[in-house]
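Student: Residues per chain, in single letters:
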Amino acid sequence: MPEGSNVAVRFAEDAVTVLPEVAAEGTSDA
Amino acid sequence: MRKVPAAEVRQRVGEVLALVGLAGYEGQFSGQLSGGEQQRVALARAIVIRPRVLLFDEPLSNLDAKLRVQMRHEIRDLQRRLAITTVYVTHDQEEAMAVSDRIAVMNEGSVVQEGSAEDLYHRPASQFVAQFVGRVNLVAGRVAAVAGDAVTVAALGTTIGARAVRARDLAPGDPVRLVVRPESIAIAAGGGADGSLQATVIARTFLGEKIEYLLRCAGETLQVVRYDAGPGAPCPKARTSRCASRKMP
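Note that the protein sequences, when read in sequence, are chains A and B. All letters in the first sequence, in the order written, are residues 1 to 30 by the working numbering. All letters in the second sequence, in the order written, are residues 31 to 279 by the working numbering.
It is possible that part of the hints are untrue.
Subject to a maximum C-alpha distance of 20 Å in a straight line, what follows is the list of computed SDA-like cross-link-like pairs (lysine to any residue) [unchecked claim]:
{"id": "1", "chain 1": "B", "residue 1": "Lys240", "chain 2": "B", "residue 2": "Glu124"}
{"id": "2", "chain 1": "B", "residue 1": "Lys240", "chain 2": "A", "residue 2": "Arg10"}
{"id": "3", "chain 1": "B", "residue 1": "Lys240", "chain 2": "A", "residue 2": "Ser5"}
{"id": "4", "chain 1": "B", "residue 1": "Lys240", "chain 2": "A", "residue 2": "Pro2"}
{"id": "5", "chain 1": "B", "residue 1": "Lys240", "chain 2": "A", "residue 2": "Ala8"}
{"id": "6", "chain 1": "B", "residue 1": "Lys96", "chain 2": "B", "residue 2": "Asp122"}
{"id": "7", "chain 1": "B", "residue 1": "Lys240", "chain 2": "A", "residue 2": "Glu3"}
{"id": "8", "chain 1": "B", "residue 1": "Lys96", "chain 2": "B", "residue 2": "Glu144"}
{"id": "9", "chain 1": "B", "residue 1": "Lys96", "chain 2": "B", "residue 2": "Glu239"}
{"id": "10", "chain 1": "B", "residue 1": "Lys33", "chain 2": "B", "residue 2": "Ala76"}
{"id": "11", "chain 1": "B", "residue 1": "Lys240", "chain 2": "A", "residue 2": "Ala12"}
{"id": "12", "chain 1": "B", "residue 1": "Lys240", "chain 2": "B", "residue 2": "Gln253"}
According to the in silico footprint, chain A covers these stretches of chain B (three or more CB under 8 Å from chain A) [claimed, not checked]:
{"id": "13", "segment": "186 to 193"}
{"id": "14", "segment": "200 to 207"}
{"id": "15", "segment": "213 to 220"}
{"id": "16", "segment": "241 to 249"}
Ranges of calculated distance between the beta carbons of each label pair, as one might list FRET restraints [claimed, not checked]:
{"id": "17", "chain 1": "A", "residue 1": "Glu21", "chain 2": "B", "residue 2": "Ala177", "range": "14 to 24 Å"}
{"id": "18", "chain 1": "B", "residue 1": "Gly65", "chain 2": "A", "residue 2": "Glu21", "range": "39 to 49 Å"}
{"id": "19", "chain 1": "B", "residue 1": "Ala201", "chain 2": "A", "residue 2": "Gly4", "range": "36 to 46 Å"}
Please keep in mind that the hints were generated in silico from the structure rather than gathered at the bench. All C-beta atoms in this analysis are idealised placements derived from N, C-alpha and C, irrespective of residue type, glycine included.
Turn these sequences into a full structure, and let the hints steer you where they fit.
Tutor: Now the structure itself:
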């Protein structure tokens with residue numbers, strides 16, 4: 001699909017997770 | 031060495047060098063070894079004392095990318111053969127997934143999620159973990175309905191069904207984020223038919239075995255990854271000896 005083209009988009013079944021919105025989250029700290 | 035008789039020291043050093051693939055290197059100086067070989071010597075020095083637990087703290091950070099991948103396989107293989115409990119600290123998420131049975135993701139000194147690589151990747155408990163482990167689309171939306179763990183979310187100008195990690199904490203109208211991995215999005219030429227969303231390709235990057243797309247969809251930017259099966263891919267039907275044609279994505 002070249003840049004500028006229109007495409008149909010589908011999310012795979014059972015591949016979408018919902019998380020509550022958060023104001024801000026920190027950075028990584030291994 | 032830890033009050034071990036000299037003969038046993040020689041035997042153990044020989045065994046451990048063989049274990050890390052450096053048999054015959056006993057007489058070499060460190061300057062005569064490559065980066066990977068020096069890393070193997072460090073590993074041999076750690077395991078020759080037969081520890082009950084091994085701690086690796088960013089062991090591959092000084093190596094180039096190709097050697098890092100090779101060494102992480104070697105460390106994983108060695109850890110399995112020796113069956114030593116191992117704690118491995120890394121900032122490299124792919125490395126963490128490659129070498130571990132269990133991963134603990136830490137943020138500001140606290141463990142924020144612990145589980146298998148699959149758990150963390152497919153069932154992140156927070157936006158931090160979703161973003162920290164792999165690439166992800168976080169699409170803004172609002173809860174339209176909740177039924178058990180199934181949540182319907184108004185997003186991208188439509189409603190989308192999804193699973194929630196803590197659905198009982200959600201109520202209609204709550205602002206949420208949809209977590210969608212780039213490889214979980216299918217795209218096809220044209221748009222909008224059969225209930226699918228319509229988007230515009232704003233960037234396409236060919237990366238060999240995969241193509242990365244950036245799409246503009248209802249005001250949001252979506253990252254999409256599609257893998258190119260390549261000319262050597264098996265034919266879809268077993269009896270077909272040659273694939274007649276292959277559509278390029």
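Student: Please check whether A/Glu21 and B/Ala177 have a Cβ separation lying inside 14 to 24 Å.
Tutor: 20 Å, holds
Student: Are there three or more residues in the segment 241 to 249 of chain B whose C-beta lies closer than 8 Å to some C-beta of chain A?
Tutor: holds (count 3)
Student: Take the segment 200 to 207 of chain B, compare each residue's beta carbon with every beta carbon of chain A, and decide whether three or more fall closer than 8 Å.
Tutor: holds (count 5)
Student: For the pair supplied as a hint, B/Lys240 and A/Ala12, is the alpha-carbon distance within the 20 Å limit?
Tutor: Cα-Cα ~18 Å, so holds.
Student: Between B/Lys240 and B/Glu124, does the CA-CA distance stay at or below 20 Å?
Tutor: 17 Å, holds
Student: Does the alpha-carbon distance linking B/Lys33 and B/Ala76 stay inside the 20 Å limit?
Tutor: 17 Å, holds
Student: Has the given pair, B/Lys240 with A/Ser5, been kept, meaning a C-alpha gap of at most 20 Å?
Tutor: At roughly 19 Å apart (the allowed maximum being 20 Å), A/Ser5 and B/Lys240 satisfy the hint.
Student: Take the C-alpha atoms of B/Lys96 and B/Asp122, compute the straight-line distance between them, and say whether it is at most 20 Å.
Tutor: This hinted pair holds, its Cα atoms lying about 14 Å apart.
Student: Would you check the hint for B/Lys96 and B/Glu144, treating anything up to 20 Å between C-alpha atoms as holding?
Tutor: Violated, at roughly 28 Å.
Student: What's the verdict on B/Lys240 and A/Glu3, does the C-alpha distance respect the 20 Å limit or exceed it?
Tutor: 16 Å, holds
Student: For the pair supplied as a hint, B/Lys240 and A/Pro2, is the alpha-carbon distance within the 20 Å limit?
Tutor: Distance ~15 Å between B/Lys240 and A/Pro2 Cα, so the pair holds.
Student: Do the Cβ positions of B/Gly65 and A/Glu21 conform to the proposed distance bound of 39 to 49 Å?
Tutor: 45 Å, holds
Consistency note: the structure conflicts with earlier hint 8 alone.
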